[in-house]
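Trainee: The lines below spell out each chain.
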Amino acid sequence: NAGVTQTPKFQVLKTGQSMTLQCAQDMNHNSMYWYRQDPGMGLRLIYYSASEGTTDKGEVPNGYNVSRLNKREFSLRLESAAPSQTSVYFCASSGAGNHEQYFGPGTRLTVT
Amino acid sequence: GENVEQHPSTLSVQEGDSAVIKCTYSDSASNYFPWYKQELGKRPQLIIDIRSNVGEKKDQRIAVTLNKTAKHFSLHITETQPEDSAVYFCAASTSGTYKYIFGTGTRLKVLA
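Just so you know, the sequences run in chain order A and B. Just so you know, we're using this note's numbering here: the first sequence kicks off at 70 and counts up by one. Just so you know, we're using this note's numbering here: the second sequence kicks off at 3 and counts up by one.
Just so you know, the hints here were simulated from the structure itself, not pulled from any lab data. Just so you know, these numbers come straight off a predicted model, no measurement behind them. Some hints here could point you the wrong way.
Stated by the list, open to error - Take a look, some chain A residues computed to stay more than 12 Å from chain B by CB distance:
1. 85
2. 97
3. 136
4. 146
5. 181
As the list claims (entries may be wrong) - Restraint-style ranges between C-beta atoms, simulated for each label pair:
6. A:108 with B:17: 24 to 32 Å
7. B:3 with A:123: 17 to 25 Å
8. A:148 with B:56: 42 to 50 Å
Claimed, not checked - Within a straight-line C-alpha distance of at most 30 Å, the following computed DSSO-like cross-link-like pairs (lysine-lysine) qualify:
9. B:39 with B:111
10. A:126 with B:70
11. A:126 with A:140
12. B:73 with B:39
13. B:44 with A:126
14. B:24 with B:39
15. A:140 with B:39
16. B:24 with A:126
17. B:70 with B:39
18. A:126 with B:60
19. B:44 with A:140
20. B:24 with B:44
21. B:73 with B:60
22. A:126 with A:83
23. A:78 with A:126
24. A:126 with B:73
25. B:44 with B:111
26. B:70 with B:60
27. A:78 with B:39
28. A:83 with B:44
29. B:111 with B:70
30. B:59 with B:24
31. B:59 with B:111
32. B:73 with A:78
33. B:24 with B:111
34. A:78 with B:44
Ideal placement from N, C-alpha and C gives every residue a C-beta, glycine not left out.
Please construct the entire structure, taking both the sequences and the accompanying hints into account.
Mentor: Laid out in structure tokens, this is it:
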């Protein structure tokens, strides 16, 4: 039981490049989330998916898109990366009827 | 929307002393309040949570209190140990949304 996994662990992009961050969970959870973590700003919700087939914007969705590929997988895409998107990105999941969110190990992204 | 404020941003205590971290929230509909611990370079992990129908919850050296009227909740760590050194985040959530709004974090240092 791996829990929540994320790839890649580290990534460096140039301004304007695109990339997709991958997230998968093996806990049969309905809900999945993408956060970004910046120093002094805590964890901010980018997008979430309450259940397979649905996605919704969080606090800071601009510049990102998501895809809930199936129940297990939830990806985050940066179409045209900007230096302001330099951050640590965490994926999380939670099961029905239980608010606890389980986090992945994070992806450290640097945009130059 | 919901807003969560967390204080202090940094806290240093001597080993064996107690530590208290406080959070306030704005949305009276919030009814679930988790606390996460994040060690350096690691993922956030749930350490304790409280629901709005409960005023206090304890788990060994950790306790959380909730004052719904004042819209604030606190984390109490007694007999602190060096391994308690980490960043602690509070969050607030509302049933049916499963979205968290996080505080900005408290860096706790336990001095040996």
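Trainee: Run the structure past the numbered hints and jot down the numbers of the failing ones, going up.
Mentor: 18, 32
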